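Starting from the given sequences, assemble the full structure and let the hints guide the process.
Residue numbers (this note's numbering), protein chains in the order written: chain A, 1 to 342; chain B, 1001 to 1283; chain C, 2001 to 2329.
Among these hints, one or two may not hold up.
[Stated by the list, open to error] If you want the footprint, here are the derived chain C segments under chain B, 3+ residues with CB under 8 Å:
no.	region
1	2039–2050
2	2141–2147
3	2213–2225
[To be verified] DEER-style ranges, computed between Cβ atoms:
no.	chain 1	residue 1	chain 2	residue 2	range
4	B	1069	C	2289	39 to 45 Å
5	B	1014	C	2306	37 to 43 Å
6	C	2041	B	1014	44 to 50 Å
Please keep in mind that the hints were generated in silico from the structure rather than gathered at the bench.
Just so you know, these numbers come straight off a predicted model, no measurement behind them.
Heads up, the beta-carbon is just placed ideally off N, CA and C, and yes, glycines get one too.
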Amino acid sequence: MKRIAGMLLVVLAVAGVLWADNALSITGAGATFPYPMYSKWFDEYHKQNANLSINYQSIGSGGGIKQVTEGTVDFGASDGPMNDEQLKAYADKHGSGILHFPTVMGAVVPFYNIPGVTAELNFTPEALAGIYLGKITKWNDPAIAGTNKGISLPANDIVVVHRAEGSGTTFCWTDYLSKVSEEWKTKVGKGGSVNWPVGLGGKGSEGVTGTVKNTPNSIGYVELTYAESNKIPYGNVKNASGVFVKASLGAVSAAAAGAAKDMPDDFRVSITNAPGKASYPISTFTWLLIPEKFTDVAKRDAIKGFVKWALKDGQGYAESLSYAKLPNEVVAKELKAIDKIQ
Amino acid sequence: MSFRLHWRKFLSAFMLTMTGVCALISVSVLFFILGYLVYHGGTSISWNFFTKLPAPVGETGGGMANAIVGSGKLLLLATLFGVPIGFFGAIYLAEFSGGTTAFVVRYAADLLNGVPSIVIGIFAYSLAVLPFKHFSTLAGGFALGLMMIPITLRSTEEFLRSVPKALREAAMALGASKWKTITSVIVPAAYRGILTAILLAFARVAGETAPLLFTAFGNRFWSNGWNQPTASLPAMIYTYAIAPYDDWHRQAWAAGLVLLGLILIINIVARAILSRGIAVPRA
Amino acid sequence: MATTTTTVPSASPVAGSRSFLSRLREGDEIARMITFLFAASVVLVTLLLVFELWQGSVLARHKFGFSFFRTSVWDPIFDQFGALPFIYGTLVTAGVSLVIAVPLGIGAAIFLAELAPARLSDALEFFIDLLAAVPSVIYGLLGVFIVVPLMRDYLQPALKNTLGFLPLFQGPAYGIGFLTAGIVLAIMVIPYIISVSREVLLSVPRDQREAALSLGSTRWEATWKVVVPFARGGIMGSIFLALARALGETMAVTMVIGNNPIVSASLFSPGYSIAAVIANELTEATSDLHYQSLIELGLVLFILTFVLNGLARLLIVATSQRGAGMGNA
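Spelled out as structure tokens, the structure:
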């Protein structure tokens, strides 16, 4: 009996080692927000290039930055651009730089659960900041009621819900609040995880949605993709031009179009509170983080090929998954930047 | 005197009924959980689930074949690494060691047991991933193995100790050396408990996600050999459960059910194969 | 006493009374050394882990010192980190879970070991062991879908109405919070207590039970006053396993605890635990100080486990009767 078990183990071990094939395998890690999009892309690309498998795992934007800096993955992905400190850390470690490539865009929407209220509420930046700072505590506060005439809001306490874990969604949300509220900027700041003045933390978008759904008089924020696939009604937000805009792919693209003109060469830009009448103010790019220098030529060419594909054919898959396509100017600029990868 | 007797009898009946209530509560919760899993996951289980690779959002017909195989490989490595250390360490504690060493080792095992799984993951990451600059199945097995050690060690030790002194002394009286006593008498006598301990540890790590995030990492495709990142059932459950798509949610429940089913099968098979040896008769 | 191969070696139960060579020849010494190595490796791994935690948190330790334990602020943007709410939450949730799981678990183990017919007992045990294999994510989801609404709609209002004068049961009832997390943890750790306790109880020699009964004790008295104390070592061991799991559980806790770093006397309040915050923020932590503060939290949990284990052992030593216990905890 024991001998049979022993032989079986040896066979398994050997099989495990020998069962290799010649396909090229590339690993990437990072943001969870674009994961559905990326998983679609990598799958499609694999269908078209059977010898190449790109394995992407969504361990979080911070995780992506960390792992690509450590060199354990071939590329990273993040919902927030790397800051100068992180860029320097990468350069110090590898002796060369890392490039940002925006892939798609998304938006973050405010949603709520107020007994008796089914209408779409209009939120001003001041209202959102005030609520999340804990200063506006009741739903019938003039800051909210003022822009929602005709809707009777109860005098109930607002229960604030935010994301518990660090996430790109929070980064986008707090980036927006930092731009529209000086108090938020100095008191809380922008980042994947912040010190929330008030509120309950839900785990994942699922947690936030669940908490809001089950807690009367609550408000939360979630990605547009999530709200759309789960048919969650959400509110409108006033943009920099004074128009109350409901988040939609068109409105997100409008926000990006404004930024496209002044796009910096390294593509690290925030498009929250973007100018333009049709722009949705809480929009964001999401980026692939690709090293400038590759030692493995096969990997380099494979990644370059993929990025080209993603910027052209890949964009066609975005809308069906509720992500907004990149503006054409940005795509053109990126296609040129691909040549920077050595 | 009679009152006291009646009271004692009443107390006895009452307390024993209470233990029945405790058992009923515990077991009901369990069956409820199983039922819930079956209800939510049962509909998503199909032949595809066991044979196909994961499909991207919106496409039906995807499965978790690579995650099932990946979990199998990881658990095999974990068992090969963690069980011998726990088992032989327990033998040392129960049979050979003096008070102080035993105390220290036991304490260390309890400490190790209390470390959050994500910290074990970080630890395994710094030992098995960073130096090699890539994620691998081996690193994942190492992390899970670490988690198996304390449960195996502590429980095995308890069961070894519970073997009556009479058996030991009888073996000695017949001239057996210490080691022979251990292998031929004590371990077989305690095998039931030891097997329980190992299966408990196995079940525990089978459902762990956090240690795998930084070691086995994950893989949408097949993982070759032992040196590549690999998908695993708990990691897939985690990714799918917190995603926005209903289809993925159902797959997550299905994966949970499959995981449970696999543990069940392994439990049955293990108890069947290893059911030899003398068991101490039930009291 | 020297032995030769022609005489039967004296097999004395006390190791060391035979010569080294004879022990070696019989494999005992080798066995002792090899098993010692395995046992020692456990200690080694644990020490290495502590070392890694220590090294990995150097920035945070230097910056905050002991104030890390007293401060309540956790601000990743302005780099202020204090561990107090997390320590509090970890202790409270683990405490609540044990208060629920230990009586239930030991009770159920006694039933399964003493009263239930053998086949029923084995069958039920089989399924209870399966509970240990349910991934923590699933426990989290079950917590969110089932326990939280039950808490919010039934249990919390009921507790408020009956025991609301206690600060423990005050405040708004969100459904999530310390109490809910404690309940979910209790469900997760009960299999360990039942499983191990039952096996140990089963292994208590029959004559102990029979001796007690023959002296006129009731069934319960025989069980509670003779059998259970005999098995106390193993039962305590199972409680240690349960405690350890409760302290380190991440996924399920973070889904039902509310993830709000506050210290509150009320069990209805949302809170946070060490394992939960590490799981939530570690992968996204971008600043070195943030990352290392999280590692320091891991170190703190380690110290917490150390202290709790020590206290529990002292408790056992203080309350153990001579000759009643078998095995060490």
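Verification of the supplied hints:
{"no.": "1", "hint": "2039–2050", "in the structure": "holds (count 10)"}
{"no.": "2", "hint": "2141–2147", "in the structure": "holds (count 3)"}
{"no.": "3", "hint": "2213–2225", "in the structure": "holds (count 6)"}
{"no.": "4", "hint": "B:1069 <-> C:2289: 39 to 45 Å", "in the structure": "holds (41 Å)"}
{"no.": "5", "hint": "B:1014 <-> C:2306: 37 to 43 Å", "in the structure": "holds (40 Å)"}
{"no.": "6", "hint": "C:2041 <-> B:1014: 44 to 50 Å", "in the structure": "holds (48 Å)"}
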